[in-house]
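Number of protein chains: 2
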Amino acid sequence: MNLADLIRHPAEWRRGSGPMNDVVFSSRVRLARNLAGMPFLSRCSRPQVAEIAETIRQTLMKLALGGETLYVDMEQAAPLDREVLVERHLISRQLVEATGPRGVAVAGDETVSVMVNEEDHLRAQVLRGGLQIDACYAEISRLDAQLEGRLDFAYSSKFGYLTACPTNVGTALRLSVMMHLPGLKLTGQIEKALRAARDMHLAVRGLYGEGTEAIGDLFQVSNQITLGRSEEQIIAEFRDQVVPALIDYERRARQVLLDGRRLALEDKVQRALAVLRAARLISSEETLYLLSHVRLGVALGMVPDVTAEQINELALITQPGHLQKLAGKSLSPQERGQRRAEMIQQRLGATERT
Amino acid sequence: MNLADLIRHPAEWRRGSGPMNDVVFSSRVRLARNLAGMPFLSRCSRPQVAEIAETIRQTLMKLALGGETLYVDMEQAAPLDREVLVERHLISRQLVEATGPRGVAVAGDETVSVMVNEEDHLRAQVLRGGLQIDACYAEISRLDAQLEGRLDFAYSSKFGYLTACPTNVGTALRLSVMMHLPGLKLTGQIEKALRAARDMHLAVRGLYGEGTEAIGDLFQVSNQITLGRSEEQIIAEFRDQVVPALIDYERRARQVLLDGRRLALEDKVQRALAVLRAARLISSEETLYLLSHVRLGVALGMVPDVTAEQINELALITQPGHLQKLAGKSLSPQERGQRRAEMIQQRLGATERT
Numbered sequence: 013m014n015l016a017d018l019i020r021h022p023a024e025w026r027r028g029s030g031p032m033n034d035v036v037f038s039s040r041v042r043l044a045r046n047l048a049g050m051p052f053l054s055r056c057s058r059p060q061v062a063e064i065a066e067t068i069r070q071t072l073m074k075l076a077l078g079g080e081t082l083y084v085d086m087e088q089a090a091p092l093d094r095e096v097l098v099e100r101h102l103i104s105r106q107l108v109e110a111t112g113p114r115g116v117a118v119a120g121d122e123t124v125s126v127m128v129n130e131e132d133h134l135r136a137q138v139l140r141g142g143l144q145i146d147a148c149y150a151e152i153s154r155l156d157a158q159l160e161g162r163l164d165f166a167y168s169s170k171f172g173y174l175t176a177c178p179t180n181v182g183t184a185l186r187l188s189v190m191m192h193l194p195g196l197k198l199t200g201q202i203e204k205a206l207r208a209a210r211d212m213h214l215a216v217r218g219l220y221g222e223g224t225e226a227i228g229d230l231f232q233v234s235n236q237i238t239l240g241r242s243e244e245q246i247i248a249e250f251r252d253q254v255v256p257a258l259i260d261y262e263r264r265a266r267q268v269l270l271d272g273r274r275l276a277l278e279d280k281v282q283r284a285l286a287v288l289r290a291a292r293l294i295s296s297e298e299t300l301y302l303l304s305h306v307r308l309g310v311a312l313g314m315v316p317d318v319t320a321e322q323i324n325e326l327a328l329i330t331q332p333g334h335l336q337k338l339a340g341k342s343l344s345p346q347e348r349g350q351r352r353a354e355m356i357q358q359r360l361g362a363t364e365r366t
Numbered sequence: 013m014n015l016a017d018l019i020r021h022p023a024e025w026r027r028g029s030g031p032m033n034d035v036v037f038s039s040r041v042r043l044a045r046n047l048a049g050m051p052f053l054s055r056c057s058r059p060q061v062a063e064i065a066e067t068i069r070q071t072l073m074k075l076a077l078g079g080e081t082l083y084v085d086m087e088q089a090a091p092l093d094r095e096v097l098v099e100r101h102l103i104s105r106q107l108v109e110a111t112g113p114r115g116v117a118v119a120g121d122e123t124v125s126v127m128v129n130e131e132d133h134l135r136a137q138v139l140r141g142g143l144q145i146d147a148c149y150a151e152i153s154r155l156d157a158q159l160e161g162r163l164d165f166a167y168s169s170k171f172g173y174l175t176a177c178p179t180n181v182g183t184a185l186r187l188s189v190m191m192h193l194p195g196l197k198l199t200g201q202i203e204k205a206l207r208a209a210r211d212m213h214l215a216v217r218g219l220y221g222e223g224t225e226a227i228g229d230l231f232q233v234s235n236q237i238t239l240g241r242s243e244e245q246i247i248a249e250f251r252d253q254v255v256p257a258l259i260d261y262e263r264r265a266r267q268v269l270l271d272g273r274r275l276a277l278e279d280k281v282q283r284a285l286a287v288l289r290a291a292r293l294i295s296s297e298e299t300l301y302l303l304s305h306v307r308l309g310v311a312l313g314m315v316p317d318v319t320a321e322q323i324n325e326l327a328l329i330t331q332p333g334h335l336q337k338l339a340g341k342s343l344s345p346q347e348r349g350q351r352r353a354e355m356i357q358q359r360l361g362a363t364e365r366t
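If you're matching them up, the sequences are chains A and B in order.
Going by the numbering used here, the first residue of the first sequence is number 13, and it counts up by one from there.
Going by the numbering used here, the first residue of the second sequence is number 13, and it counts up by one from there.
Bound-form chain A, shown alone (with noise of 0.2 Å):
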């Protein structure tokens, strides 16, 4: 399997099926791990470095995480690969920026990643569609079994998982969701909504992860608290409390506009679907922002005739890297441009005269 074969087709897990999908995008459950009798990277010579990075390597190759694996070098990829890999949410910016042997292996279906030297020497995480907390859980301790079987971690009775990052430390688990709040962005409760939610000590960040824009009114909502609680307490807090509580605001906040706006929401998602038909050349933030009006329309079933599979379909291949990937070559910001409006069309439809 090779990064080609992945490209033509979101993951299952991103077609925007699954529990609550119509405000739930996606759940991840991510762990952390450190080898035992090495230091954190920030201290490692680069022998080190890539000693970690073969040992972890070999491992993850012998292990079914889902599909045939594929293992990413990324000091050898090319700048297109990385791309592609970040827009998948299967590796982090912060992997691309790093320097040195690192690398990621990735399941066939896309629903586990394991990073090996970004921030701690191993990070893994399980991806599934709409609000599957428990399911990604499952497959996360699976997944940290069989790698405990196999490798030794850094852990200390008293305090857990040691990370490089003190905010990890503990059960180095982080859960989050990626919701699609357009409800509150629109009636502009979003602020007041993202307080509540850091109150309830969660983290909300955008798109892709930390210090990313939420765009397309998209929001990565995880939990803080990794220290003194058991994953238990952590899961059943994230799955029962806080994302329903954060669901129900924003299908509250729908409701409103059905009930005293349906025009002017109308109006929006019609505007949004027919600049995507007609546009001659267009941004991939622009895509995003009329995409999450569309979605939104899809959802409260005002547009018949687009799915919300097409929609998530298109957020993910008119972004710059699989662009220009499935063009099989660099392409200039106007050629992007251009080449994503007629992908966009292609999917959904020109516009025509009634």
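Just so you know, the hints here were simulated from the structure itself, not pulled from any lab data.
One thing to keep in mind: the hints can contain errors.
Copies of the same chain look alike in the list, so a pair counts if it works inside one copy or between any two.
As the list claims (entries may be wrong) - Listed next, the in silico SDA-like pairs over lysine to any residue satisfying Cα-Cα at most 25 Å (straight line):
1. K170 <-> R274
2. K341 <-> L275
3. K341 <-> R273
4. K197 <-> E298
Position chain B against the provided structure of chain A, taking the given hints into account.
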């Protein structure tokens, strides 16, 4: 005849036909006259103003202005009717806002209108589609001769016709063309072109004359100098030098766009058309803005299924006064936005997936 008859269709001159109609929307020639032996309006008593209004009204109703003549008494006209007359360019905003006995005589085909007691006792205008300065002038000369035979106008052998504002003294003749200049706007050359126009002693104004904004890239360009030149000299310079120079600027700008930024231009045109067809709520200003881009697309052959006539009719009837007059009642801004969007869709067709 009454306003309800007028309102169903745009006047012939406003359909956007006529010479040079890719750039020149319409031509207008106006003259100002004041009755001899009566003070200017600012110094009249109310009985004098009433006497002037009645004298001129009676004279006008005996003339053949073109089709059946409609006289509207502005003191008695409903606010919506006044708006409709402004939107049809048959009266000025100043006539609406003035007080006292005043009115307008409108030819049934709307090519001629004569305002009574606006700034001067009498202001007559002739309108034609496209660049038709000569035809406008011939028509207003016929009207002037008819008026001269029936009324005695204030005239000085030294200065010529006397008018309330010194800038009109002399020939009291004002020529103007409404120009559509989206090419100069899109290439960022509009300010330069308007400066050049001012250097040629032209006044440049917005869609509704002095002090109004140039909405929809429509600019009213008119001569400034009325004193010390013959009417023939003024007309020849305006028709043969000044307006052709501006037409040439605009056409070159469009060619620059076609040669160097064709895709960006098509993008703008197609987006504008798509939004017009898809919107469920739309303001008058946005409508004119978008129609301007579609009109440019029509002029450049990019929009085969829409005609300039459709665009020009929409630009007229989607204005607040027309919209409400056609609805037969006063509407809130939200209701207007909705009805405007419906009207546009009826005429341009709604969007549909291919």
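Check your understanding: Can you name, in rising order, the numbers of the hints this structure does not satisfy?
Key -> Hint check: 1 fails alone, others pass.
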